[in-house]
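These protein sequence lines map, in sequence, to chains A and B. In terms of numbering that gives the first Met the number 0, the first sequence opens at residue 0 and continues consecutively. In terms of numbering that gives the first Met the number 0, the second sequence opens at residue 0 and continues consecutively.
Please keep in mind that the hints were generated in silico from the structure rather than gathered at the bench. Treat each hint with caution, since some may be false.
One copy or two, either will do: identical chains are not told apart, so a pair holds if it fits within one copy or between any two.
Stated by the list, open to error - Derived pair list, reagent style DSBU-like, types lysine-lysine, alpha-carbon separation capped at 35 Å:
| no. | residue 1 | residue 2 |
| --- | --- | --- |
| 1 | 145 | 77 |
| 2 | 198 | 145 |
| 3 | 198 | 5 |
| 4 | 145 | 1 |
| 5 | 190 | 5 |
| 6 | 1 | 193 |
Here is what each chain is made of, one letter per residue.
2 protein chains.
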Amino acid sequence: MKYFSKQEIMDGDAMFRRHLINSLSGYKSANLIGTISPDGVPNLSLISSVVHVGASPPMQGFVMRPLTVERQTYEYIKASGQYTINHVHLDFIDKAHYASAKFGKDESEFEACQLTATYLDGHEAPYVSESRIKLGMRYEDEFLIKQNNTIMIIGTIEHIYVDDDALQPDGNLDLSKVDDVAVSGLETYYKVDKAAHFKFARVGQWPESD
Amino acid sequence: MKYFSKQEIMDGDAMFRRHLINSLSGYKSANLIGTISPDGVPNLSLISSVVHVGASPPMQGFVMRPLTVERQTYEYIKASGQYTINHVHLDFIDKAHYASAKFGKDESEFEACQLTATYLDGHEAPYVSESRIKLGMRYEDEFLIKQNNTIMIIGTIEHIYVDDDALQPDGNLDLSKVDDVAVSGLETYYKVDKAAHFKFARVGQWPESD
Numbered sequence: 000m001k002y003f004s005k006q007e008i009m010d011g012d013a014m015f016r017r018h019l020i021n022s023l024s025g026y027k028s029a030n031l032i033g034t035i036s037p038d039g040v041p042n043l044s045l046i047s048s049v050v051h052v053g054a055s056p057p058m059q060g061f062v063m064r065p066l067t068v069e070r071q072t073y074e075y076i077k078a079s080g081q082y083t084i085n086h087v088h089l090d091f092i093d094k095a096h097y098a099s100a101k102f103g104k105d106e107s108e109f110e111a112c113q114l115t116a117t118y119l120d121g122h123e124a125p126y127v128s129e130s131r132i133k134l135g136m137r138y139e140d141e142f143l144i145k146q147n148n149t150i151m152i153i154g155t156i157e158h159i160y161v162d163d164d165a166l167q168p169d170g171n172l173d174l175s176k177v178d179d180v181a182v183s184g185l186e187t188y189y190k191v192d193k194a195a196h197f198k199f200a201r202v203g204q205w206p207e208s209d
Numbered sequence: 000m001k002y003f004s005k006q007e008i009m010d011g012d013a014m015f016r017r018h019l020i021n022s023l024s025g026y027k028s029a030n031l032i033g034t035i036s037p038d039g040v041p042n043l044s045l046i047s048s049v050v051h052v053g054a055s056p057p058m059q060g061f062v063m064r065p066l067t068v069e070r071q072t073y074e075y076i077k078a079s080g081q082y083t084i085n086h087v088h089l090d091f092i093d094k095a096h097y098a099s100a101k102f103g104k105d106e107s108e109f110e111a112c113q114l115t116a117t118y119l120d121g122h123e124a125p126y127v128s129e130s131r132i133k134l135g136m137r138y139e140d141e142f143l144i145k146q147n148n149t150i151m152i153i154g155t156i157e158h159i160y161v162d163d164d165a166l167q168p169d170g171n172l173d174l175s176k177v178d179d180v181a182v183s184g185l186e187t188y189y190k191v192d193k194a195a196h197f198k199f200a201r202v203g204q205w206p207e208s209d
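My request is simple: use the sequences and hints to build the entire structure.
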């Protein structure tokens, strides 16, 4: 195994550090956050930090860095209180990756990335039509991580749209049915196949895949 | 597509809700958190909520629910300030899943799950020997998410151990080389293969996989 201390990492090359540290959290989800500007320009940003926060009430969080392209996303979420979270599938990873480029305020990432904005059930923020799992979110809270000025945004899931093929009778989604991708680091995308499904773990019952 | 409003989800079956909402965040990493009790019992818990927080300084977070099996993890992190994060690979998903069962305080999950505790470079908390990507963490901060009393734990990465096969010259880890797994929901594990690697996205340069 290769060992690095924190000090070695901090003293070393910045790009190597950025790649390595971003890889260390393991596989991540790829999601497009949809917002709308006060002038009505639909906006998208690519986020790999969505995290489950709770089921009752249904809540998700994500980490955002204030000084990058995502600042528009932050401003528009704060202004309207609404945003969408849209899963990324294998057939549009290039479009989704392109949404992470730094577009200007007057330019819609939807158009630049050849993705389709759609508005559903009175939610103000645009959804990605191509996404087969889409969430309408309401802003709840945020936490400043003072060590590096990133912000954790917490939201409630108000609207859920899921592909019929992915939804299983017990409520679980089989994400491989809609070709959801996993991401590692900043720029690598992975395809995913189901390996095992266990029951809820209990002491004295060794897990066996069904 | 199937639609659910927040109200329909809250009024519906609790297990269906738990499965569905846990699936909505997309693929997640699987990590074992290693801690040690004040009495010297090594402890493990399985977490699927690790999130990248920043590279300079190197930081990760994870979401923990205070009233489950993870309470031991929380107590021991607070008591010692130290913990480890260990990636889960395809060849021990059953052992890792078993670590999510509710073991007593005097029982070490390492022994019950047939995993090997190892202590490295003066870090107090135990690592999982079988894990080919291991992090020695120092507790930094926490945030209470008041809507459901979950806690976001933030830590600094002090020690990094990575498999030579996974580490690429640019610092990225190819997680498929060590058979890292992705998780969705609470109990489904996926195997993962590289699909595409793009360059950093720039306006005017359509992403092409290299």
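Hints, one by one, checked against the model:
1. Taking CA atoms no more than 35 Å apart as the test, residue 145 paired with residue 77 passes in both settings, with 19 Å inside one copy and 19 Å between copies.
2. When the C-alpha separation of residue 198 and residue 145 is checked against a cutoff of 35 Å, the pair qualifies only between copies, where the shortest distance is 30 Å, while the shortest distance within a copy is 39 Å.
3. When the C-alpha separation of residue 198 and residue 5 is checked against a cutoff of 35 Å, the pair qualifies only between copies, where the shortest distance is 26 Å, while the shortest distance within a copy is 38 Å.
4. Only within a single protomer do residue 145 and residue 1 lie at most 35 Å apart by alpha-carbon distance; the minimum there is 30 Å, versus 40 Å between protomers.
5. In the homo-oligomer, the alpha carbons of residue 190 and residue 5 lie at most 35 Å apart both inside one protomer (31 Å) and across protomers (30 Å), since each shortest distance falls under that limit.
6. In the homo-oligomer, the alpha carbons of residue 1 and residue 193 lie at most 35 Å apart both inside one protomer (30 Å) and across protomers (22 Å), since each shortest distance falls under that limit.
When held up to the earlier numbered hints, the structure conflicts with none and fits them all.
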